[in-house]
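Novice: Sequence:
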Amino acid sequence: MEERGVKPDHVTFIALLAACSHGGLVDEGYKYFNKLRNFYNIIPTIHHYGCMVDLLGRGGHLEETVKFIERMPIEPDVSIWSSLMRACRSHRNVELAEHAFKQLIEKDPTNDGAHVLLSNIYADAGRWDDVSKVRTKLHETGVPKQPGFAIIEQNGVVHEFVASNLVPG
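According to this note's numbering, the residues represented by the sequence shown are 232 to 400, in order.
There's no promise every hint is true.
[Unchecked claim] Derived Cβ-Cβ restraints for the label pairs, each shown as a range:
#1 Met232 x Trp359: 50 to 60 angstroms
#2 Ala356 x Gly236: 46 to 56 angstroms
#3 Lys368 x Glu306: 17 to 27 angstroms
#4 Arg323 x Glu234: 53 to 63 angstroms
[Said to hold, decoys possible] The list that follows gives simulated cross-link-like pairs (lysine to aspartate or glutamate, EDC-like), each with its CA atoms no further than 16 angstroms apart:
#5 Lys262 x Glu306
#6 Lys338 x Glu326
#7 Lys364 x Glu329
#8 Lys368 x Glu391
#9 Lys266 x Glu233
#10 Lys333 x Asp361
#11 Lys338 x Asp308
#12 Lys333 x Glu384
#13 Lys338 x Glu306
#14 Lys266 x Asp240
#15 Lys333 x Asp308
#16 Lys368 x Glu306
#17 Lys364 x Glu384
For the record, the hints were derived by calculation from the structure and aren't laboratory data. C-beta atoms are modelled at their ideal positions from N, C-alpha and C, and glycine is treated no differently.
Sequences are here, hints too, so could you generate the full structure?
Specialist: In structure tokens form, the structure reads like this:
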């Protein structure tokens, strides 16, 4: 784009940062994030920050991810804290996952996915008492766990399958 004189927009940078995240290119991601602000004078949105949190988290830079979140000029939202929690699961950091969970629940107390993810993090760590506590708390607070579902298209017709509709076979 630059060679052809086409100015990238904020969506271009979301795509670049997401590609860097999935490719594990932390240094490249920082380069593009800084270029977004410093060269193109585009004010980063929560989506850009979310891509950077995902990039750093996937790369295992968990402490750097926390510092990045703390320095954000935008209030971190549910997606930021969820991304950090997923990275904590991948990199087996229970303590930081608990911190992210607390932040996430402050933003969205009815987030069933956060409870399930924390429960899974505890299960991965073999902390079965904590798994039970999280599941019990989820039940006691009345937060409904959304059933899993899948959508497929076959011969131009869209079919949705909900976990509760599945019959064990």
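Novice: Determine for every hint whether it applies to the structure shown.
Specialist: To see whether the hints hold, each was checked on the structure:
no.: 1; hint: Met232 x Trp359: 50 to 60 angstroms; result: 52 angstroms, holds
no.: 2; hint: Ala356 x Gly236: 46 to 56 angstroms; result: 52 angstroms, holds
no.: 3; hint: Lys368 x Glu306: 17 to 27 angstroms; result: 25 angstroms, holds
no.: 4; hint: Arg323 x Glu234: 53 to 63 angstroms; result: 43 angstroms, violated
no.: 5; hint: Lys262 x Glu306; result: 23 angstroms, violated
no.: 6; hint: Lys338 x Glu326; result: 19 angstroms, violated
no.: 7; hint: Lys364 x Glu329; result: 13 angstroms, holds
no.: 8; hint: Lys368 x Glu391; result: 30 angstroms, violated
no.: 9; hint: Lys266 x Glu233; result: 12 angstroms, holds
no.: 10; hint: Lys333 x Asp361; result: 15 angstroms, holds
no.: 11; hint: Lys338 x Asp308; result: 7 angstroms, holds
no.: 12; hint: Lys333 x Glu384; result: 38 angstroms, violated
no.: 13; hint: Lys338 x Glu306; result: 10 angstroms, holds
no.: 14; hint: Lys266 x Asp240; result: 12 angstroms, holds
no.: 15; hint: Lys333 x Asp308; result: 12 angstroms, holds
no.: 16; hint: Lys368 x Glu306; result: 27 angstroms, violated
no.: 17; hint: Lys364 x Glu384; result: 39 angstroms, violated
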